[in-house]
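Peer 1: Letter by letter, the chains look like this.
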Amino acid sequence: MSTPNSYAAPGGSGRFKRLLLALLAWAVALVIFFPILWMVLTGFKTETAAIADPSFIFSPTLESYQAVQARSGYARFALNSVAVAFGSTALALLIAIPSAYAMAFLPTRRTKGTLLWMLSTKMLPPVGVLVPIYLIFRDVGLLDTRTGLILVYTLMNLPIVVWMLYTFFKDMPRDILEAGRMDGASTLQEVVYLLLPLTLPGIASTGLLSVILSWNEAFWSLNLTSSKAAPLTAYIASFSSPEGLFWAKLSAASTMAIAPILILGWMTQKQMVRGLTFGAVK
Amino acid sequence: MTRTRASGRRVGGFRALSLQAPAVTLLLLWMLIPLGMTVWFSFQRYNLLMPGMTGFAGFENYEYLLTDPALWSAMGTTLLLVGWVLAITVVGGTLLAVLFQQPFLGRGVARVLAISPFFVMPTVSALVWKNMMMHPSSGVLAWLSNQFGLPAIDWFSSLPLTSIIIIVAWQWLPFALLILLTALQSLDEDQVEAARMDGAGPVAIFFYITLPHLKRAISVVIMIEMIFLLTIFAEIFVTTSGGPGLATTNLAYLIYIRALLDFDVGIASAGGVVAIILANIVAIFLVRMVAKNLDD
Amino acid sequence: MATLALNNIVKRFGDTEVIKGVNLNVEDREFVVFVGPSGCGKSTLMRMIAGLESATSGDILIDGERMNDVGPADRGLAMVFQSYALYPHMSVEDNMGFSMRLAGVPKAQRRARVLEAAKILQLEPLLDRKPRALSGGQRQRVAIGRAIVRNPSIFLFDEPLSNLDAALRVQMRIELARLHEELDATMIYVTHDQIEAMTMADKIVVLHDGVVEQVGSPMSLYHHPRNRFVAGFIGSPKMNFFAVTVVSAGADGVEVTLPGGAACHVPVNGEGVAPGATLELGVRPEHLSIEEAGTLGGRIQVLERLGGQTSLYVEMESQLLTIMADGDVAYRVHDSVRFGFDASRAHLFDQTGLALESLKAHPLAALTRQDNRAEAGTQSEEAAP
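These protein sequence lines are chains G, Y and F, in that order.
Heads up: the first sequence begins at 1 in our numbering, then just goes up one per residue.
Heads up: the second sequence begins at 283 in our numbering, then just goes up one per residue.
Heads up: the third sequence begins at 579 in our numbering, then just goes up one per residue.
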């Protein structure tokens, strides 16, 4: 999107100022991005090169990537992350779509209150309910299971998912749904033939946000899983104890852990703002 | 009022209700059961290591918690952490948003790079900073200060809280930038041009046009960050484990220590109640603002 | 094909009553236009007929059958929406065939029906396009096509032309009139534009604040508005109103004093009007004529020359009146001008805004568009109700 320059004054000095601003912006962007860049580079170094003096010049190797898989079974944790992130997202969408539909198209006097109440559950700090959830999970055998984590993440993201879907559904022109009703569509047909196809981009970005949030969640995963169902957040945390010698492997594992989400995040940044701010900033 | 209307209404209302029922019921259970249990436990003598000791404790747990110096130290740490990160991300985010709003070569790519840290999982960012950036001998920062002939800083032993603040701010600065940049894009270009016709320079435009326009977005950023920052956990867990001493133990981490390391359910629950009360104070303001927004 | 009757329809949203008891009969094959300012309830009324909104009380009858509890798709209606409401992800053909697809009509049959409708509307070359690749006028035609395909007994149009530019609007107006003739269907049309109402309707229903102000043929509304609201709403430019004092009144007319002191005998039924009372006199801009010896006078404030005609905005006793005059009048701004009117063209309104009944019905008052179409010879026995 190109927005006209609002600050630089016109004329020759404006051009110079603009160049300075561009340099400044790029410098800031690179400084912010540097730790990620450095991590990616370190992943391709040997362990000795990783702790040697910082250098951009080295002969890249894949040995850390191989070691990560061989030593700890990276794939298992990745699979847990995928299962938990996508499982909880699918479940959340399934529960949220009817709810958001009702709120957007069959509003009652209570709708607004319900929406706000849902939002407020999101503000309950997880540590406030850590103890009971931990005890319940222990007693019903959900500790260290994917199911348990899927359940928690579904509930954790449900308010945001309902909210985002609600805002997307609300943007859908009512006329089109009414035309569908005039054409004889039942509620289910209305949803399947008209609502879902037309709001697919919105549903997709809602789903992606839910995947991102679940993938990166670290409080519940650290406290409710130990080994069997541990996702990548918990796996990476296991690198915290043995220091120094494992930097390259840590970097390789981390790179693999964040790469998919980083790309998803880049793709959906605009829609995410809507979800993250509950529609208060568009 | 006729029969038609009454029945029509009930049917519509029933449909709306049944469609919302799963989401509402689940969230209600998710909220009420643990909340109720937390409150209940907070009044109980309940330690997993001492199965014999049970019964109603009254306000004992609260008394213990509130007289425990660890709580007050944790509160202080929480406040410092939240306050500093907020200050850095809001001020930095606003300035960066204005900067990245300018057109320049490769702006799209630069923006994407700048918001990237937000998508990095907390355990990764904490460990990358702890090891590769802030390590006293092999970290990039140590190497940098050596280049300038300065002694390397042992970040996590001499400035533990500062280190955590830097890491968390690095994660949340992109969030503020992303939100504020989006908000800035809805600034009416005509307004800026009108101001320029009225003789406003860049600084005046920033203070009289841009900043007021961003006011709402900034308060949203502050409140959402607060809710997350009040319960920062993973970053502390993988770097300092709350130490040295209690230097980086915030409220969330203290509750974790009491619950899952000391197994004192009663006291941990009392701490949980305190955390919930704190979060709710913020939440009330946020919900109110969003509610106002729902009306437009 | 179908008649429609509304019996005492009321609609409330919460505590606000938006339709306050509407009674209406629509004859078979009639073109009925609901017209009124925005917020008058005309769209709500149409949506209740469509079944998209339920009536709070009252009956909706189609062909004598109560339809209140019948779903929108089963009332035998089709609706053209203001925004066209085309399904953006479907081609023109799929848009038009959607209702049949839902009803489980076989593909070949569907295609045949769509092609038939497309032919009427000259849409054949566009059948594979998506709505976003169409112009406004084309979208409009697709929306109409979607309605035609359903072969409804009543067509509903909700401000269908308001998103088109002026030239296209005129063209579509003509096309709709042609379509009405070709399809021979009952049509109900909602608009806020009185020109659309005047040009297309057999019967106009003027709505205001949820109440029917008047129902009648375009010419009867123009010549015999029932009250001040209809008088002001129908006709463009708007009717001029000014206060007059009654000198004497009776069944054979009302004698009033005009501003400036001249007397004027208006041929309306003045029974029950007291001498000395103040009434409001209304006269259309096209019925005011510039005359050297006119009974009224004023100063020209603004002059708009349209070529064929000239609009003069004249200040008379601090009131601005509009006069439609010949294109060639030689007046200039700030000139004084005298003008008068034929008293049989004037209307008198009492304090409640109700018109005093005209003594003689206008000869064209009962003329409908259909009569226009048939032949010009039937005017002799026309009489206003």
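Please keep in mind that the hints were generated in silico from the structure rather than gathered at the bench.
Beta carbons are placed, not taken as given, at the ideal position from N, Cα and C, and that holds for glycine.
Don't take each hint at face value.
Computed list of lysine-lysine pairs in DSS-like fashion (alpha-carbon distance at most 27 Å, straight line) [claimed, not checked]: (1) Y:574 with G:17; (2) F:685 with F:816; (3) F:697 with F:708; (4) G:170 with Y:497; (5) G:270 with Y:497; (6) Y:497 with G:112; (7) Y:574 with G:112; (8) G:170 with F:816; (9) G:170 with G:270; (10) F:685 with F:708; (11) G:112 with G:170; (12) G:270 with Y:574; (13) Y:574 with Y:497; (14) G:270 with G:112; (15) F:685 with F:697.
Selected chain Y positions facing chain G (Cβ under 7 Å, derived; list incomplete) [as the list claims (entries may be wrong)]: (16) 304; (17) 307; (18) 374; (19) 433.
Peer 1: Going straight from one Cα to the other, do residue 574 (chain Y) and residue 112 (chain G) come out at no more than 27 Å?
Peer 2: Satisfied, since the Cα-Cα distance of roughly 11 Å is no more than 27 Å.
Peer 1: Please work out if residue 697 (chain F) and residue 708 (chain F) have their alpha carbons no farther apart than 27 Å.
Peer 2: holds, 18 Å
Peer 1: If you take the shortest Cβ to Cβ gap from residue 374 (chain Y) to chain G, is it below 7 Å?
Peer 2: violated, 9 Å
Peer 1: Does the structure keep residue 574 (chain Y) and residue 17 (chain G) at a Cα separation of 27 Å or less?
Peer 2: violated, 40 Å
Peer 1: Compare the distance between the alpha carbons of residue 170 (chain G) and residue 270 (chain G) with 27 Å, and conclude whether the hinted pair is satisfied.
Peer 2: holds, 18 Å
Peer 1: Does residue 708 (chain F) sit within 27 Å of residue 685 (chain F), going by the straight-line distance between their CA atoms?
Peer 2: holds, 19 Å
Peer 1: Between residue 270 (chain G) and residue 497 (chain Y), does the CA-CA distance stay at or below 27 Å?
Peer 2: holds, 20 Å
Peer 1: Decide if the proposed pair is consistent with the structure: residue 685 (chain F) and residue 697 (chain F), CA atoms, cutoff 27 Å inclusive.
Peer 2: holds, 18 Å
Peer 1: Given a cut of 7 Å on the nearest C-beta pair, is the interface hint for residue 304 (chain Y) held or broken against chain G?
Peer 2: This hint holds: residue 304 (chain Y) lies near chain G, its Cβ roughly 5 Å from the closest one there, short of 7 Å.
Peer 1: Given the hinted pair residue 574 (chain Y) and residue 497 (chain Y), is their alpha-carbon gap at most 27 Å?
Peer 2: This hinted pair holds, its Cα atoms lying about 15 Å apart.
Peer 1: Between residue 270 (chain G) and residue 112 (chain G), is the straight-line Cα distance small enough, at 27 Å or below?
Peer 2: The hint holds at about 25 Å.
Peer 1: Given the hinted pair residue 685 (chain F) and residue 816 (chain F), is their alpha-carbon gap at most 27 Å?
Peer 2: Roughly 53 Å separates the two Cα atoms, so the pair is violated.
Violated hints, in rising order: 1, 2, 8, 17, 18, 19; the structure is consistent with all others.
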